[in-house]
Amino acid sequence: MQSRTLAQPMIEVIMSRKGILYDVLLILGGSLLTALSAQIAIPLPFSPVPITGQTFAVLLVGTLLGSRRGALAMLAYLGEGLLGLPVFAGGRGGLAVFMGPTAGYLWGFVAAAFLVGSLAERGWDRHIWSAGAAMFLGNGVIYLFGLPWLSYFLPGSLSQVLALGLYPFIPGDILKLALAALALPSGWALLQRRKG
56 MQSRTLAQPM IEVIMSRKGI LYDVLLILGG SLLTALSAQI AIPLPFSPVP
106 ITGQTFAVLL VGTLLGSRRG ALAMLAYLGE GLLGLPVFAG GRGGLAVFMG
156 PTAGYLWGFV AAAFLVGSLA ERGWDRHIWS AGAAMFLGNG VIYLFGLPWL
206 SYFLPGSLSQ VLALGLYPFI PGDILKLALA ALALPSGWAL LQRRKG
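Just so you know, the sequence shown maps onto residues 56 to 251 in my numbering.
For the record, the hints were derived by calculation from the structure and aren't laboratory data. Glycine included, each C-beta is placed from N, C-alpha and C at the ideal position. Hints may contain errors.
[To be verified] Derived Cβ-Cβ restraints for the label pairs, each shown as a range:
(1) Gly146 with Leu246: 21 to 27 Å
(2) Arg72 with Gln215: 46 to 52 Å
(3) Ile225 with Ile183: 16 to 22 Å
(4) Lys73 with Ala96: 32 to 38 Å
(5) Leu76 with Leu192: 27 to 33 Å
(6) Gly145 with Ala233: 23 to 29 Å
(7) Arg249 with Leu217: 40 to 46 Å
(8) Ile229 with Ile75: 37 to 43 Å
(9) Gly211 with Ile97: 19 to 25 Å
(10) Ile97 with Gln247: 22 to 28 Å
(11) Pro203 with Ala244: 37 to 43 Å
(12) Ala151 with Ala233: 31 to 37 Å
(13) Gln63 with Gln215: 41 to 47 Å
(14) Arg123 with Leu221: 24 to 30 Å
Please construct the entire structure, taking both the sequences and the accompanying hints into account.
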């Protein structure tokens with residue numbers, strides 16, 4: 056059986072505060088990090104989906120904050136965008152984004168943050184291979200939501216949806232997974248050294 060320390064998200068080990076204000080600040084901080092990462096965007100002329108830093112932020116926020124706070128941070132992010140704040144890629148916001156081709160990916164952020172947060176709460180973020188596996192699964196959840204929604208906007212076959220909504224993003228996803236898989240266990244090692 057895991058100890059209480061191993062079941063805590065990293066943020067709780069770093070900052071042992073409790074309370075609703077603390078939770079709200081963490082959730083808003085996670086949504087802000089995602090909004091800032093969305094501004095790192097490279098439009099692809101052949102696809103309605105840009106390359107962004109969002110997915111990395113989503114997976115990192117979920118892992119650091121845990122399942123509930125991570126998912127709530129993504130819901131706050133979506134709420135900010137729905138209110139018209141320019142938090143999405145390219146400084147976009149508003150209801151039109153939720154009706155467009157990338158909306159499925161956005162909804163996938165909530166489920167992905169919850170999943171990687173749940174896995175982190177089980178210690179998956181402590182070791183390089185399990186951290187990489189958690190990030191891979193979280194990324195898969197984003198595509199699980201994003202690709203079916205995108206298919207409504209792309210006439211043609213499944214191969215076209217994959218060619219425009221998945222394949223161009225694989226190299227960047229591999230890089231993001233590798234960064235997270237290295238950074239998270241390293242963060243835990245530093246925390247253990249600091250405690251020791």
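Results of checking the hints against the structure:
Our hint of 21 to 27 Å for Gly146 and Leu246 is violated, since their Cβ atoms are close to 36 Å apart. Separated by about 49 Å at the C-beta atoms, Arg72 and Gln215 satisfy the suggested range of 46 to 52 Å. The supplied range of 16 to 22 Å is met by Ile225 and Ile183, whose beta-carbon atoms lie about 20 Å from each other. A C-beta distance of roughly 36 Å is found between Lys73 and Ala96, which places it inside the suggested range of 32 to 38 Å.
Taking 27 to 33 Å as the suggested C-beta distance range, the pair Leu76 and Leu192 conforms, at roughly 32 Å. The hinted window of 23 to 29 Å between Gly145 and Ala233 holds, with their beta carbons roughly 26 Å apart. Distance hint for Arg249 and Leu217: a CB-CB separation of about 44 Å, consistent with the stated range 40 to 46 Å. Taking the beta carbon of each, Ile229 and Ile75 are about 38 Å apart, inside 37 to 43 Å as hinted.
Range check, Gly211 to Ile97: Cβ separation about 24 Å, and the 19 to 25 Å hint holds. Against the hinted window of 22 to 28 Å, the Cβ-Cβ separation of Ile97 and Gln247 comes to about 37 Å, which falls outside the hint. The hint said 37 to 43 Å for the Cβ distance between Pro203 and Ala244, and at roughly 39 Å that hint holds. A beta carbon spacing of about 34 Å between Ala151 and Ala233 agrees with the range 31 to 37 Å that was offered as a hint.
Roughly 44 Å separates the CB atoms of Gln63 and Gln215, a value that falls within the hinted 41 to 47 Å. In this structure, Arg123 and Leu221 meet the distance hint of 24 to 30 Å, their C-beta atoms being roughly 29 Å apart.
Of the numbered hints stated above, those contradicted by the structure are hints 1 and 10, listed in ascending order.
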